[in-house]
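Visitor: Make the full structure from the sequences, and use the hints.
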Amino acid sequence: MHAFAAIWAIGIATMKGGLRDRLIQSLLLAGFFFLFSTMVFSSFSMRQPMEVAINYSLATVQILAVLITLFLGLNLLSREIESRAGHGVLTQPLSRSAYVLGKFFGLMLLCCIVVAFLALCAVIGVLLVRAGTPNAPLILWENFGLSLMGILLISLLLGAASLLFCAVATSAILPFLATIAIWVIGNSTQTVKNYLDANIADQAMTPQLKAIITGAYYVFPNLSLLDFKVYAIYGLPLAAAQVGFALTYGLAYTIVLLTLATRLFQTRDML
Amino acid sequence: MTSAIKTSNLGKWYKKGVRGQKIEALVDLNLEVREGEVFGFIGGNGAGKSTTIKILMGLNRPTAGQAFIFDTRIDDPAARDRVGYLSEHPQFYDFLTPLELFRLMGTLRRMEGKRIHQRADELLHLVALADASNRRIKGFSKGMVQRLGIAVALLGDPELLILDEPMSGLDPLGRHLVANIIRELQQQGKTIFFSTHIIPDIETLCDRVGILVRGHQKYAGSIHEALYPQGSRFEITVRMPEQWKVEQSSFARKPLLWQKNVLYRFEIEETEIAATVQAVMDQGGSVATLEPKRRSLEELFLQLSEDSVPNLGDAVPTTVS
Ligand SMILES: Nc1ncnc2c1ncn2[C@@H]1O[C@H](COP(=O)(O)OP(=O)(O)O)[C@@H](O)[C@H]1O
Ligand SMILES: [Mg+2]
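Order-wise, the sequence lines are chains A and B.
Heads up, the first sequence is in the working numbering, so the first residue is -11 and it goes up one at a time.
Heads up, the second sequence is in the working numbering, so the first residue is 799 and it goes up one at a time.
Hint data in this document are derived by calculation from the structure and do not stem from the laboratory.
Note that beta-carbon positions come from the ideal geometry of N, C-alpha and C, so glycine has one too.
Some hints could be false.
[What the hints assert, rightly or not] Quick list of in silico lysine-lysine cross-link-like pairs, BS3-like style, CA-CA up to 30 angstroms:
hint : chain 1 : residue 1 : chain 2 : residue 2
1    : A       : Lys217    : A       : Lys181
2    : B       : Lys936    : A       : Lys4
3    : B       : Lys1043   : B       : Lys1091
4    : B       : Lys912    : B       : Lys936
5    : B       : Lys804    : B       : Lys814
6    : B       : Lys804    : B       : Lys820
7    : A       : Lys198    : A       : Lys181
8    : B       : Lys940    : A       : Lys4
9    : A       : Lys4      : B       : Lys912
[Stated by the list, open to error] Here are the computed distance ranges between Cβ atoms for each label pair:
hint : chain 1 : residue 1 : chain 2 : residue 2 : range
10   : A       : Leu116    : B       : Arg933    : 38 to 46 angstroms
11   : A       : Ala(-7)   : B       : Gln916    : 45 to 53 angstroms
12   : B       : Gly937    : A       : Leu11     : 13 to 21 angstroms
Guide: Given below as structure tokens:
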């Protein structure tokens, strides 16, 4: 019972920290302006303003959500360990696991707030464009919503990854860079996998190299699985099984990262 | 009787640098702090004081031995239930206000909301931060954060206080405040364990001290026995008549100090006290002060460090990293 109260309290404090952070506030404000400029931007495209509007707004939400998650990880996790600000909490009667889970809970609250805020701006932007477009095609809102869900899951996964790196690092910048690396790799694994599956790869590389790359594919997160943007942009049908698999994959990966972070944090020395 | 703190063969080494060079910060520490006492943990820079305290608070993990707080093993978070801690460099979530910080810390200590507010009120007054209770900690000066740290340590009304250098970084007024708080807490029957390298505070505050030299405990016991060892010499100050000359005295060897040919101070053996006092009175003088010659803590340190010659370099890396 106490563990829950502790996780809750740390989460709320972390959330306050995020919302009071100047950089995060600036990024949210930037999101607001970018998403309301959807109308201007999509009007450049005379033929498919709706597609452009949805593409532009979802991409903006995605990049800002990831950026904000990265900086939340830096300012609220890595910096906290480096500056010893977390010692006050850690020396209270609570387990290290409760601390890690509390930090993640706070991060989760923040990601939800950030994505919800950006999503609201995006929806308003898209609606404005539609109002100004004669004969606008139907928007598949459920795919739009699923894309936002995917973005939220990517943020949570990156948050858990940055928590994991913080559990082992002694400086603030390394977890930050490592999380960026995970994001970059996570976005390219699908391309690499497609290349491996194609026959041309067999001629270009040795079986050992292929095995290593296949291994890496399974170790690193495949973030493109969580990217439903095209389905929202072109109103393509999405199979429930595909969505179910992707969401389960994202959640499971996050939980594994979180479990590892909790384990590794258990034995580390604080600075 | 349970002891407030007990360690058995506690040890810690750190790995440093890419080559994983070992630094022995603490070796075989056997420490016992009894309930209700003020225990001073003394040592120079890098002696291992903070390492010990961080291990006790669960921030660092020991590499050898075991430690208990009120008989609970320190790897159990419940060991910190009855402990208040002040870090050497206190740092808190600076995006919070003191009141928000207290709410967070109080919740983590399972305190009721009402009690948290009441304590926060009392403690912020005690450390003179009442005016700043709703200001973000980000704008606080170093001294204010240190005082806030003291208030946070006292929040749960803990039975044991573990304070890492509570006086350093404070101005004389702040130091006086801390010394008074420690005395007050002692009166309430609390146990206080604090590390320090500021000598004058120790004598007036501590019941017992432990002295740490490069990770090795070299002394544990009464501060008076440490500073006034048995059979030590005494210093006597006497007031003699004006016409009296040092040369004609039977007792005075080389005076350490004299003032306007009236006050003289000598060093004598403990066995000579009676005879000297008698002689002074016989020659028309009087005794102004008589006190055991106090070893300075620096002297004591020096001596203890020399005793540890075989261990020299323990905490010193053997190669430059
Ligand atoms: N995190 C760490 N990594 C490597 N060495 C450390 C670390 N913390 C302390 N040390 C070393 O351990 C020794 C004891 O340090 P410390 O406990 O901070 O001493 P004190 O508090 O008495 O000044 C020093 O030699 C210090 O350099
Ligand atoms: Mg120290």
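Visitor: Does each hint fit the structure? Answer for all of them.
Guide: Taking the hints in turn, this is what the structure says about them:
1. Pair hint Lys217 of chain A plus Lys181 of chain A holds up; C-alpha atoms about 20 angstroms apart against a cutoff of 30 angstroms.
2. Between Lys936 of chain B and Lys4 of chain A, the direct Cα distance comes to roughly 14 angstroms. Compliance with the 30 angstroms bound is thereby established for this hinted pair.
3. As the CA atoms of Lys1043 of chain B and Lys1091 of chain B are separated by approximately 25 angstroms, the hinted pair is consistent with the 30 angstroms bound.
4. At roughly 26 angstroms between alpha-carbon atoms, Lys912 of chain B and Lys936 of chain B fall within 30 angstroms of each other, so this suggested pair holds.
5. Pair hint Lys804 of chain B plus Lys814 of chain B holds up; C-alpha atoms about 28 angstroms apart against a cutoff of 30 angstroms.
6. A hinted pair counts as satisfied when its Cα atoms are at most 30 angstroms apart, and Lys804 of chain B with Lys820 of chain B qualifies at roughly 26 angstroms.
7. The hinted pair formed by Lys198 of chain A and Lys181 of chain A meets the criterion: a straight-line CA distance of about 10 angstroms does not exceed 30 angstroms.
8. Only pairs whose Cα atoms come within 30 angstroms are accepted, and Lys940 of chain B paired with Lys4 of chain A is accepted, the gap being roughly 23 angstroms.
9. Among the hinted pairs, Lys4 of chain A with Lys912 of chain B is consistent with the structure: their alpha-carbon atoms are about 22 angstroms apart, no more than 30 angstroms.
10. Range check, Leu116 of chain A to Arg933 of chain B: about 41 angstroms between beta-carbon atoms, so the 38 to 46 angstroms window is met.
11. Between Ala(-7) of chain A and Gln916 of chain B, the C-beta spacing of about 19 angstroms breaks the proposed range 45 to 53 angstroms.
12. Evaluation of the 13 to 21 angstroms hint for Gly937 of chain B and Leu11 of chain A yields a pass: the beta carbon distance comes to about 18 angstroms.
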